Amino acid sequence: MRLKRFYISASPLCAPVRPLVTLTTDFGLTDAYVAAMKGAMLQVEPALNMVDVTHQVEPQDIMGAAFVLRQVIPAYPEGTVHLAVVDPGVGSARLPIAARFGGHFFVGPDNGLLSLLLEGAEPEQVVVLDKPAFWRSEQPARTFNGRDLFGPVAAHLASGKTLEEVGTPTEKFQQLHWAHPLSDDEGVQGFVVHIDRFGNCVTNISREVLEKNPRSLHAKCYVGSTIVEGVRKTYTEVPQGEPLAILGSSNHLEVGVNGGDAATLLTIHKGSPVSLVYGDE
Amino acid sequence: MRLKRFYISASPLCAPVRPLVTLTTDFGLTDAYVAAMKGAMLQVEPALNMVDVTHQVEPQDIMGAAFVLRQVIPAYPEGTVHLAVVDPGVGSARLPIAARFGGHFFVGPDNGLLSLLLEGAEPEQVVVLDKPAFWRSEQPARTFNGRDLFGPVAAHLASGKTLEEVGTPTEKFQQLHWAHPLSDDEGVQGFVVHIDRFGNCVTNISREVLEKNPRSLHAKCYVGSTIVEGVRKTYTEVPQGEPLAILGSSNHLEVGVNGGDAATLLTIHKGSPVSLVYGDE
Amino acid sequence: MRLKRFYISASPLCAPVRPLVTLTTDFGLTDAYVAAMKGAMLQVEPALNMVDVTHQVEPQDIMGAAFVLRQVIPAYPEGTVHLAVVDPGVGSARLPIAARFGGHFFVGPDNGLLSLLLEGAEPEQVVVLDKPAFWRSEQPARTFNGRDLFGPVAAHLASGKTLEEVGTPTEKFQQLHWAHPLSDDEGVQGFVVHIDRFGNCVTNISREVLEKNPRSLHAKCYVGSTIVEGVRKTYTEVPQGEPLAILGSSNHLEVGVNGGDAATLLTIHKGSPVSLVYGDE
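Chains as they are written, first to last, in the numbering used here: chain S, 630 to 910; chain F, 630 to 910; chain U, 630 to 910.
Fair warning: there could be bad hints in the mix.
For lysine-lysine, the following DSS-like pairs were computed, each having C-alpha atoms within a straight-line distance of at most 30 Å [to be verified]: (1) Lys760/F / Lys760/U; (2) Lys862/U / Lys862/S; (3) Lys801/S / Lys760/F; (4) Lys801/U / Lys760/U.
Rough simulated footprint, nothing fancy, chain S against chain U, three-plus residues with beta-carbon under 8 Å [what the hints assert, rightly or not]: (5) 654 to 661; (6) 714 to 727; (7) 742 to 752.
Quick caveat, the hints were computed from the structure, so don't treat them as lab data.
Just so it is clear, the structure is predicted and the values come from calculations on it, not from any experiment.
Beta carbons are placed, not taken as given, at the ideal position from N, Cα and C, and that holds for glycine.
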């Protein structure tokens with residue numbers, strides 16, 4: 630007999646560990662979409678624990694969704710199901726898929742988002758979701774697969790179904806790639822990939838890129854209307870209102886202002902170029 | 630002995646099915662109101678599972694709240710309690726009510742919202758909430774019945790109390806009606822009732838209206854700055870950037886743009902007229 | 630053997646009372662921050678019940694966060710952990726603290742927020758969080774203590790750890806004070822501290838201040854572009870579109886418009902002065 634995953638708990642007395650699903654969509658917070666999807670999921674697994682990552686991904690911004698979800702996954706326990714529905718191709722021939730990688734599960738349309746989460750790594754398994762028995766209805770609404778297909782399958786996986794049960798193994802899935810920064814002897818050329826709620830400007834220059842060339846930790850950083858020098862460890866290393874570069878919590882170089890909104894104050898936008906220029910030493 | 634509803638579970642080992650309440654309000658997400666109401670509910674029933682539908686209904690927009698909640702209910706299991714607090718009359722003589730219909734429960738002020746959910750059907754039971762023993766305090770704050778009255782009653786219903794226990798049966802409750810489209814031999818005249826997060830424009834022309842006259846599936850649809858022909862099945866049937874009419878996930882005609890924001894691109898507003906005109910065949 | 634708090638339940642059959650944490654931050658709803666913090670908390674305590682107060686505190690607005698959380702706490706059961714992370718000093722020498730007061734727990738940076746919740750009362754205990762064994766990692770990210778330190782400690786407290794286990798007792802913590810209104814024989818001089826989602830303008834004039842001088846209940850109230858007379862009990866005491874003063878659900882004087890947005894209609898801002906002037910009687 631196969632026990633459902635959430636009975637296997639470290640607690641001595643029967644406190645159940647509820648099956649865990651995170652939700653990332655562009656559905657917004659004013660329409661019926663998120664709650665309808667959650668209802669369909671609770672019909673499958675009433676004990677489900679659903680954690681919203683964000684529903685405010687820019688409409689149909691697959692990279693934006695992947696950018697946020699990629700930072701979230703490492704904070705979650707193995708076995709978590711990550712449901713990500715940003716689905717410009719809903720109703721078309723794009724396939725619904727699910728996957729396992731690093732002990733986590735992914736469910737969503739085959740739109741390239743999975744490959745962005747993997748960053749070049751191989752998934753442990755990918756399946757095409759072709760078993761309507763695990764859907765809300767055999768004929769999902771052609772404009773709302775989140776409620777009728779992806780949500781229910783995510784709930785089934787969270788409550789212990791296997792990938793083989795809910796789909797058919799495949800080798801193929803859409804490939805998208807993060808734009809990596811360019812490096813040479815004189816510096817690193819990247820760009821701003823995300824402006825957060827505080828106006829901090831997250832770049833595509835990763836910790837690895839910085840650590841490969843220690844000179845980058847003391848480089849001049851040209852971005853927006855400012856030039857800052859060196860990579861700081863905390864915002865408070867510079868006076869209030871002053872700009873700085875810092876290695877952010879997502880392990881990428883960020884440009885911020887201590888106590889201020891860097892994007893506004895320094896005229897930085899998503900897509901703005903960021904140049905690290907090494908000095909003559 | 631009456632067992633609480635959430636002990637009755639299909640699971641073999643004691644995983645409790647938590648009592649389920651959905652929440653629809655105009656309280657917003659920046660004030661203390663939603664969390665205060667949830668605290669009052671958890672005081673009644675600590676195992677409560679609360680799912681937010683939306684708290685961003687336009688202030689005091691009863692029809693807007695009903696429009697969203699009406700789409701959500703079919704995705705939820707029987708026995709779910711739907712708490713809907715949009716309450717322009719708070720503190721006045723308007724009565725607090727609860728009801729059962731189609732196996733679901735409704736709790737909220739008697740402002741017409743219940744009748745909009747029913748769409749002409751008879752509820753199984755309606756009660757006036759006149760038993761302060763089930764409220765947070767005998768004297769609810771005159772400006773915040775959500776925390777002091779509606780929330781606690783919803784939690785009591787979810788955890789197994791009956792309508793008769795928490796209130797007194799009544800026959801009367803406020804009646805509001807959806808504005809239905811006009812149909813004749815030449816076409817259908819409706820309007821836009823909701824613009825969703827993607828800019829899709831949902832009309833009041835339902836699947837039933839369309840199916841009653843098959844010619845409407847090939848009609849010309851005049852709306853905003855465009856004319857589209859025929860009802861599509863998926864967005865991707867037209868090229869990127871092109872407008873289309875489609876039967877949406879809420880079973881009403883919607884006007885969208887493949888990959889774009891129809892409301893902005895086609896100058897369509899909530900309330901904009903939508904005309905389906907049959908051709909000469 | 631110490632039982633975890635959530636096994637101690639009033640329910641007869643083993644329905645666990647889940648440990649309860651409320652969350653108040655300025656992290657917003659579009660970034661990875663809230664979900665990453667929740668993941669780190671669920672790693673500590675998978676049965677955790679997390680209720681969002683708001684994540685839309687204005688960036689680094691400690692008083693704004695305290696204003697909202699102060700209204701929420703009384704609605705929650707004893708033993709609830711209130712996690713409040715508004716952290717302009719993250720990465721600096723400001724200390725991480727936790728406290729117990731009135732049977733509730735507080736966790737957050739030592740930025741004065743705790744003292745605003747206490748309003749002059751003494752906490753039962755305050756500790757400095759200096760035990761990395763209860764953190765996500767011994768070296769928390771210098772820009773994101775919410776995920777790496779505060780969240781995990783809040784989860785440990787909710788699941789039954791004591792303050793002495795997670796920290797070291799201290800007497801000192803940052804003191805901030807609410808600006809109280811000035812009263813004399815002629816009236817009360819306060820100001821608007823919060824505009825809510827409905828445009829209601831909450832002042833710093835409390836029920837106690839009003840009740841100390843019963844003349845204030847009939848005073849003229851000067852605010853923005855209007856003068857209203859007397860304190861009402863419900864919005865509907867005045868006609869639609871008319872302004873009024875009312876004792877709000879937070880036990881402070883509010884200025885509103887029946888069915889309208891007072892802030893917009895009456896040109897009132899956060900910080901606008903509010904004068905109660907007693908008449909000659």
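**Prompt:** What hints, given by number in increasing order, does this structure fail?
**Reply:** When the structure is compared with the hints, numbers 1, 2, 3, 7 turn out to be violated.
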